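**Student:** For reference, the chains in residue letters:
Number of protein chains: 2
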Amino acid sequence: MQKVMATKGKEEKGGMRVVVGVAGVVLAASFLFMRGPLHETPAPEAPDDPCCAFPCENQGVCMTLPNKTYSCDCTDTGHYGDDCEIPTWISWVTKSLKPDPETIHNLITSNWLLWAVVNRIPFLHSRLMTYVYISRGDMVDSPPTYESDHHYITLDAYFNESYYGRALPPIPAHCPTPMGVVGHKELPDVDELIKKVFLRREFIPEPHDTNLMFQYYAQHFTHQFFRTDYKKGPHITKGQGGVDVSNIYGLNEQDRRALRSWENGKLKTQEINGEEFPPYLKDVPAISMDYPPNVPIPETGKFALGHPFFALLPGLFAYATIWMREHNRVCGELQKTHPDWDDERLYQTARLIITGEVIKITIEDYVQHLSQYKLRLTFEPQLTHGTRFQYHNRIHAEFNHLYHWHPLVPDGIKVNNTNYAIMDMAFNTQPIFKHGLDEFIHAMVNSRAGALTSRNHAHSLHPVLKKVIENGRLLRFQGLNAYRRRFAMRPFTSFLDLTGDPDLAADLEGLYGDIEAVEFYVGLVTERPGPSITPLTMVNTGGPWSVKGLLANPICSPRYWKPSTFGGEEGFQIIKTASLEKLFCANMKSGCKNISFKVPPGTP
Amino acid sequence: MQKVMATKGKEEKGGMRVVVGVAGVVLAASFLFMRGPLHETPAPEAPDDPCCAFPCENQGVCMTLPNKTYSCDCTDTGHYGDDCEIPTWISWVTKSLKPDPETIHNLITSNWLLWAVVNRIPFLHSRLMTYVYISRGDMVDSPPTYESDHHYITLDAYFNESYYGRALPPIPAHCPTPMGVVGHKELPDVDELIKKVFLRREFIPEPHDTNLMFQYYAQHFTHQFFRTDYKKGPHITKGQGGVDVSNIYGLNEQDRRALRSWENGKLKTQEINGEEFPPYLKDVPAISMDYPPNVPIPETGKFALGHPFFALLPGLFAYATIWMREHNRVCGELQKTHPDWDDERLYQTARLIITGEVIKITIEDYVQHLSQYKLRLTFEPQLTHGTRFQYHNRIHAEFNHLYHWHPLVPDGIKVNNTNYAIMDMAFNTQPIFKHGLDEFIHAMVNSRAGALTSRNHAHSLHPVLKKVIENGRLLRFQGLNAYRRRFAMRPFTSFLDLTGDPDLAADLEGLYGDIEAVEFYVGLVTERPGPSITPLTMVNTGGPWSVKGLLANPICSPRYWKPSTFGGEEGFQIIKTASLEKLFCANMKSGCKNISFKVPPGTP
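Residue numbers (UniProt numbering), protein chains in the order written: chain X, 1 to 604; chain P, 1 to 604.
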């Protein structure tokens, strides 16, 4: 199993790489850009490590051996041979019978007539949903295997929950090029890359009529688990690994207690213009929010929310307000059935119901729109019961990285005939109070998001994008094709194969030289558009992390998923009938119209 | 599904019960007894909650409803009816065919001829081991459902990992009696209980020839995950949920770094009398150990170990020393195959191998002896792959509570013709350096442990036992019979049925009045002796937590359990061939003799 290669077979010098960075935020508020010391210890003599070429196929594990040799561990890969390149008989049959992921994707996103039939046959539909849950779950290593400080398995990848997980280990720092052995000695200049590949020429609207309700949902939802600890680096998180609704209630017990009213289970609110809103920050001193110290904001413009970052944009504030109202509404419903329950039990049970609502809406409204599947996606956790599905999740660094969807952000938004540029809205809830929350929500509904593709990135977000790319380099992510292989997709063979656009392909080829050297994020965004809101590689890598994160929630597990957990059948039904439309319509004052992740038909 | 009862159906007043305590330690060193405020808010009017009678059978969940009613949630119990008392047809068949756990236990612990045959038929043996793993795993709710601050499911039971889990929720504080509705208004006086039921009359040796190697192994092994945060209360842990080898390496990165030599992956050592020992505490200032401030101990009697508590007894120090030597020995072995590896990779990989050795020895030597199974227990993690087994674990408060095995402790130990009383050995490593480590180890091998039964508790450990019982009351554990039902055993019908001893039964009846009111720990220890080292209920409740904790370790999961994780086939073989005997024989200076969890044949 050993192969001799012209290498010295020396390992990198240890020492924890304290990678440091920022970003992940939509607006590049400068105060967020905290820096720390970066001490990557360079190897004393750069060794020629044969594993730098990633010779093991089919997820075999490469191990460097003395005398310029390596071996591939093919355990459980369904393959054997020096490089795990030969399929076992059963793997060969499976591979031969199974259609390519792109073919499957095209099938699920078209043929509406076929799916209209399948969606109506409960037995068949259940079987398909079970397959979706299990096959997506299987793509995610659970327990997690890698973190960003080592290019091999350590016990800390599991026990140190401050780490984001890694689907693929980092490229060893001692390799000949930043991408291993392929590509140039230096990665392309970030500013040049952004200019050539990312910056918006003119606004490209999202071709599936996606609106800003969708964009802000993505942001509000994902920030409950993307909680990078910027002071420690882009590989470290303060979060808890999944849908913990900490974006609504707060991340720790101190914050959660501060946001409670301590009456009837409800959250603290205040009335402004006859409507319920979150309390002012000055009234909840235990909470700290990310308001910039150097920007003057009146005390009546600062609010205490479950997530410090949600001060940033009025769209996030709108979602925060609606969820706060929904929690209090659910408490009222619970009290009807349980007039004897105390504040604590109402609060805790409402929080469980809200968790269920979040998952239900995320799968059936959000992911349904995101994927553009014609298969009707349903939230049926019981389908995973008794299977090998693991009810535990770790957020992966690549998932966080991938979820920088800033091309969705338009250059501005029109609320009630007033135009706001993005930068006008930073740390500014004024548009909501000037026009009213309902008006602002309808503006989100009626405004088109941008297409998630190359050359559609708002200029004002340049600093955020730069940080994303820099962080990807600090974390030494393997290239796009490595992730394509990891998630069972065929690697791209050329820049034109990747982009489908000769001009963009030429630019990328000039920058990277080799298709195998294209960075993960750059490849994700420059991939040719597909039938979903994101290009295919993003669907097929993000999809498993997303499904896994949603279904691995404790409330989906057999002992939780029953009426008594949610205060009885009434509470259970709140989850089972939740939808985006109901969420908003039950909590808007003046009535709701066209609530959806798409602009209404006829919108210009 | 609702039943009317003469109750007011009021919930307890919320507010976090900050339960507080101590103990869990073998010796009641007074400095460990820290106290905090105890504020259990009493209900404003004590309600008659029908759920206090635990009416739901077969793990149905009771929910109080208004107007003195309740309902049982029978989801997934295989039963229906108002109290989940009627089995479904398939449950009835399964129940009828499945022998009683006591019958199974008697079968596995006797009939050596049958098992001698079965143990030699690989196919059959594998099937049985798979059954042991999966059926034990199924008994543990994973993800965890309850914690000690609420008597219903909350999101915190999962997301707040500071909580020990709970297999059964606490008895609500508003119930008419401490045990629900049964038993006296007050639980028995602890001192009287200890005197009548626990204190040693005369030393009863363990009837299966168990020695002190076993007792100290139990203590050394379990303290890696029993890490109660006494300042916060007996329901809170600082630990990480399983076999994280933190008892060898330290619980956090700071401690782990302090204990490393930073050369060739090895741990810091020092030479004393020509042998390798852990460093003095004075030489590792970052480590803090639980040495009592009020007892004078010379600087050469204080050592820096992975667990602050292991300063307590020379038996723990002996195990700590042997594991430290084993880590360094494994580093040496790894270096032979990987002369190019740096300190970091050698350290991390050796730590993974040590984790495997710990699990292997715990299953194949320790649990094998503990259970007295004639079925040969084997560590074969691949048997769980692809099944519903969950590779994640939470330590349960009941497991911690149950594992107070102080009756094993004799009144003293004889080392090389010197007698040491227990209290002579507290915080005193002198016996090891006076007689030599090897001599001390042989003394542990040759000394009989006490029987784990009633009236065999060393007098000097009275304060520890008292704290255990008090903590059980603070945590409001349900009674022994509730746990018998939870773990599929038939409840005891009388005190004689429990103890098998008319005298002890009479004493217990006087103290508790009702067999249903017997406290968990008291029942565990007073149960009639069975074929294993512990009585049956302890085997059948502790067994699932133990098996689950060992097999749910990340190294047992499909992506970890392969040669490359452990530095290749050589490292994998170190795990696969590990044994207690090899561990000691490879790391003792003058040679080893009779290394085992039993005293040698012929020992008086």
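Simulated from the structure, these hints should not be mistaken for lab results. Possibly wrong hints are sitting among the right ones.
A pair holds if it fits inside one copy or across any two, identical chains being indistinguishable in the list.
[Unchecked claim] Derived DSS-like pairs: lysine-lysine, alpha-carbon spacing no greater than 27 Å straight-line:
#	residue 1	residue 2
1	232	598
2	282	593
3	466	268
4	68	562
5	195	185
6	302	434
7	593	238
8	336	68
All values reported here derive from a predicted model rather than from experimental measurement.
**Student:** Checking residue 466 and residue 268: alpha-carbon separation at most 27 Å within a copy, between copies, both or neither?
**Tutor:** Neither way: residue 466 and residue 268 sit 38 Å apart in one copy and 43 Å across, limit 27 Å.
**Student:** Within a copy, between copies, both or neither: where do residue 282 and residue 593 come within 27 Å Cα-Cα?
**Tutor:** Neither, since 34 Å and 71 Å both go past 27 Å.
**Student:** My question is about residue 195 and residue 185: at a cut-off of 27 Å on alpha-carbon distance, are they close within one copy, between copies, both, or neither?
**Tutor:** Cα proximity of residue 195 and residue 185: one copy only (21 Å, versus 77 Å across).
**Student:** Treating 27 Å as the Cα threshold, decide for residue 232 and residue 598: within, between, both or neither.
**Tutor:** neither (38 Å within a copy, 50 Å between copies)
**Student:** Indicate which option fits the pair residue 593, residue 238 if close means a Cα-Cα distance not exceeding 27 Å: within, between, both or neither.
**Tutor:** The answer is neither: 38 Å in one copy and 50 Å across copies each exceed 27 Å.
**Student:** For residue 68 vs residue 562, is the C-alpha pair at or below 27 Å within one copy, between two copies, both, or neither?
**Tutor:** between (57 Å within a copy, 23 Å between copies)
**Student:** If the cutoff is 27 Å on CA atoms, where do residue 336 and residue 68 land: within, between, both or neither? Let me know, please.
**Tutor:** Classified as between: cross-chain Cα gap 16 Å, same-chain 72 Å, threshold 27 Å.
**Student:** First find the shortest C-alpha distance between residue 302 and residue 434 inside one copy, then the shortest across copies, and answer within, between, both or neither for a cut-off of 27 Å.
**Tutor:** within (15 Å within a copy, 69 Å between copies)
The structure shown violates the earlier hints numbered 1, 2, 3 and 7.
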